[in-house]
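Those protein sequences? They're chains A and B, same order as listed.
So in numbering that gives the first Met the number 0, the last spot in the first sequence is 438, and the numbers never skip.
So in numbering that gives the first Met the number 0, the last spot in the second sequence is 263, and the numbers never skip.
Hints may contain errors.
List of simulated lysine-lysine pairs, BS3-like, C-alpha gap at most 25 Å [as the list claims (entries may be wrong)]:
#: 1; chain 1: B; residue 1: K19; chain 2: A; residue 2: K431
#: 2; chain 1: A; residue 1: K134; chain 2: B; residue 2: K218
#: 3; chain 1: B; residue 1: K144; chain 2: A; residue 2: K431
#: 4; chain 1: B; residue 1: K117; chain 2: A; residue 2: K438
#: 5; chain 1: B; residue 1: K4; chain 2: A; residue 2: K438
#: 6; chain 1: B; residue 1: K38; chain 2: B; residue 2: K203
#: 7; chain 1: B; residue 1: K144; chain 2: A; residue 2: K438
#: 8; chain 1: B; residue 1: K203; chain 2: A; residue 2: K134
#: 9; chain 1: A; residue 1: K406; chain 2: B; residue 2: K94
#: 10; chain 1: B; residue 1: K199; chain 2: B; residue 2: K135
#: 11; chain 1: A; residue 1: K56; chain 2: B; residue 2: K144
#: 12; chain 1: A; residue 1: K438; chain 2: B; residue 2: K59
#: 13; chain 1: B; residue 1: K218; chain 2: A; residue 2: K250
#: 14; chain 1: B; residue 1: K184; chain 2: A; residue 2: K42
#: 15; chain 1: A; residue 1: K134; chain 2: B; residue 2: K184
#: 16; chain 1: A; residue 1: K320; chain 2: A; residue 2: K229
#: 17; chain 1: B; residue 1: K199; chain 2: A; residue 2: K320
#: 18; chain 1: B; residue 1: K117; chain 2: A; residue 2: K286
#: 19; chain 1: B; residue 1: K117; chain 2: A; residue 2: K262
#: 20; chain 1: B; residue 1: K135; chain 2: A; residue 2: K320
#: 21; chain 1: B; residue 1: K206; chain 2: A; residue 2: K286
#: 22; chain 1: B; residue 1: K94; chain 2: A; residue 2: K250
By construction, these hints were calculated from the structure, which means they are not laboratory data.
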Amino acid sequence: MTKQIVFAFALLITLGAFSFTINRIVRFFRFTRPAFPVKDFGKRINVMLTVAFGQTKIFRRPVIGLFHAFVFWGFCVIIFGSIEMVIDGLSGTERALKFLGPVYNIILASGDIFALLVAISIIIFLSRRLFFHIKRFEGIEMKKITHIDANIALSIILLLMVSLLAMNTGYIEYKSLTGESSVGLFPVSSVIAGFIRNGKPENYRLMYEASWWTHILLIFLFANILPYSKHFHVFMSVPNVFLSRLDPLGKLPNMDNITREVKLMLDSSTAFTTSSTGAPSERFGVKDAEDASWKNYFDSLACTQCGRCTAVCPANITGKKLSPRKVMMDLRARMKEKGPLMVKNGRDFNDNKSLLRDYISEEELWACTTCNACARECPININHPTFIIDMRRYLVLEEASAPGEIKALFNNIENNGAPWQYSAEDRLLWAKDLEINIK
Amino acid sequence: MEIRKIEVPVMADLFARGEKPEYLFWVGCAGAFDDRYKKVVRAFAKILTHLNVSYAVLGKEETCNGDPARRAGNEMLYQMQALQVIETFRMYDVKKIITICPHCFNVFKNEYPDLGGKYEVINYLQFLNRNIEAGKLKIDRASLKNISITYHDPCYLGRANEIYDEPRSILKNLTGNLVEMHRNKSFALCCGAGGAQMFKEAEKGNKEVFIERTEDALKTDAKVIATACPFCMTMLTDGLKYKNREQEIRNLDIAELIAQSIDL
Numbered sequence: 000m001t002k003q004i005v006f007a008f009a010l011l012i013t014l015g016a017f018s019f020t021i022n023r024i025v026r027f028f029r030f031t032r033p034a035f036p037v038k039d040f041g042k043r044i045n046v047m048l049t050v051a052f053g054q055t056k057i058f059r060r061p062v063i064g065l066f067h068a069f070v071f072w073g074f075c076v077i078i079f080g081s082i083e084m085v086i087d088g089l090s091g092t093e094r095a096l097k098f099l100g101p102v103y104n105i106i107l108a109s110g111d112i113f114a115l116l117v118a119i120s121i122i123i124f125l126s127r128r129l130f131f132h133i134k135r136f137e138g139i140e141m142k143k144i145t146h147i148d149a150n151i152a153l154s155i156i157l158l159l160m161v162s163l164l165a166m167n168t169g170y171i172e173y174k175s176l177t178g179e180s181s182v183g184l185f186p187v188s189s190v191i192a193g194f195i196r197n198g199k200p201e202n203y204r205l206m207y208e209a210s211w212w213t214h215i216l217l218i219f220l221f222a223n224i225l226p227y228s229k230h231f232h233v234f235m236s237v238p239n240v241f242l243s244r245l246d247p248l249g250k251l252p253n254m255d256n257i258t259r260e261v262k263l264m265l266d267s268s269t270a271f272t273t274s275s276t277g278a279p280s281e282r283f284g285v286k287d288a289e290d291a292s293w294k295n296y297f298d299s300l301a302c303t304q305c306g307r308c309t310a311v312c313p314a315n316i317t318g319k320k321l322s323p324r325k326v327m328m329d330l331r332a333r334m335k336e337k338g339p340l341m342v343k344n345g346r347d348f349n350d351n352k353s354l355l356r357d358y359i360s361e362e363e364l365w366a367c368t369t370c371n372a373c374a375r376e377c378p379i380n381i382n383h384p385t386f387i388i389d390m391r392r393y394l395v396l397e398e399a400s401a402p403g404e405i406k407a408l409f410n411n412i413e414n415n416g417a418p419w420q421y422s423a424e425d426r427l428l429w430a431k432d433l434e435i436n437i438k
Numbered sequence: 000m001e002i003r004k005i006e007v008p009v010m011a012d013l014f015a016r017g018e019k020p021e022y023l024f025w026v027g028c029a030g031a032f033d034d035r036y037k038k039v040v041r042a043f044a045k046i047l048t049h050l051n052v053s054y055a056v057l058g059k060e061e062t063c064n065g066d067p068a069r070r071a072g073n074e075m076l077y078q079m080q081a082l083q084v085i086e087t088f089r090m091y092d093v094k095k096i097i098t099i100c101p102h103c104f105n106v107f108k109n110e111y112p113d114l115g116g117k118y119e120v121i122n123y124l125q126f127l128n129r130n131i132e133a134g135k136l137k138i139d140r141a142s143l144k145n146i147s148i149t150y151h152d153p154c155y156l157g158r159a160n161e162i163y164d165e166p167r168s169i170l171k172n173l174t175g176n177l178v179e180m181h182r183n184k185s186f187a188l189c190c191g192a193g194g195a196q197m198f199k200e201a202e203k204g205n206k207e208v209f210i211e212r213t214e215d216a217l218k219t220d221a222k223v224i225a226t227a228c229p230f231c232m233t234m235l236t237d238g239l240k241y242k243n244r245e246q247e248i249r250n251l252d253i254a255e256l257i258a259q260s261i262d263l
């Protein structure tokens, strides 16, 4: 009974702290702008199954991708055991879901095997970060704290897997030494048990109990660290993939408020009848965190800073300042900074700072070629280019700010109907003296 | 063999005669004004004539469809251009559009529908491949003598619209020696000109994107770099010049390669 009370108390603290944190983050969504409507559920489920559960985009880097897939699939299986642990902890049962029979055995056996695979993968990930110089993990946006963040999360996962294997090992040895019947199959832990077979049953019982508590308390701790970490993607990535933008990568979203203005301009008869009496005029484009859409903000929370986007960005590869990963990290950081101020003082609050310029420079924005390599690469379907263009839209539409050559481009299109200074009269010159061989 | 003069059909003239072509051939600004790219348009027009396609161009009535303005953030200018173009299309009852420029293709196909302009938009590579597969466009592979060709995927055909197979299928009809760069298809590196970069100097960095991409192409030892976009052509041709390789390696558009191989 004491165990149950302690457990219930720990769970209560966990859930309390977790909902506090999540609420802090989620409440900022109300400052964001609408994006696309979420429909086409069939398509979305399909994308989620392939990209998230099938890890298809992770496999674009096949070797390291496989290790990530181990971790992801491992989590999917092991979470079943974690749910059982919560039930056991609250109700004082042992292995409460054993009534599932063969299915139970399969799940526990896969969890046991995956625990080892995940542990191996995490050791590889940690060594890559600690001992190897991986270019993708460098960059102006990668501060010391971001590396510490990554290493803490990886270490906790490693401990989770070690404690899980220790728990399983203790369990089967204790059961077999005392002659009690055990449930579940543990292929890996049985092998480990074979190596250390020389203790008293009580020691194995202690090992089982201690690992059980270590494992579940680490999960509680981890769950509460995640929302503050880049590893928030553990929660956010699957929903983010489900909420993917489904348009072709080449398509930019239309600015309907501009369409209204342009139509008013072109059609003089409506100029006075449909004057701007409707909604208050909204800022064109994105200047600050609250101008981002809910999807942009979601993207930024789901981003795990893996840097696959930046590693394929032509601007970044050739030494320009732009890094798509930084754009996402900046949005998250800016919302974290401005969100609480807007909660206190309203959406219009101005702290004399903005995402644009204080976080993301014009130089970065103008370096984008809109090639969509970043969006194509992102394992969880974050879309960086539309957000970059939205910031360009703010610069051009609200501030008339653009590089000189781009202003000349606008002038040429406006005056000559072409990006260069040529007259429409010359548009057919290419067709002059055109001949064909007839055979 | 005889040589015949081609009069490129213009939409206004056809309409004046009460005729309506099946396709509008959208030439694009690069096709109209870039001296190098004009040759690509000429090659494609020859192929259209060779195939007896019912088409017309807008000629003097064509105007920028707004793509570079949009990518540079000027949504206002983009929409003004777009609504103007949509009005022209409406006037001529345009239903099907063939584009050569991938940027124009993308805007018509994906973005004009939001403004009410809905058409069947087809890129010239899809069109050419369709005609080759249907046996209408017969290509003599021997003419290119198995010359090694590498293909550079334009971002706005590739990643933007997932057109990877048609260009490769066409090129395999032209040569038995199609070689891939190590970054190809959805992994392809941009030439550096997209997103209105074509019209400005690059930001400060340690290298130009077009040089990085040209090096990818040079590593394949191909004798021809095949492109399918006016901006990619400018960039990669510049890259070859920068590397002093423009004498031995040629940068040609797929339409030019076809026109050459069937000796139009």
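* Go through the numbered hints given earlier and state which of them the structure violates, listing their numbers in rising order. => 3, 4, 6, 9, 10, 11, 12, 13, 18, 20 and 21
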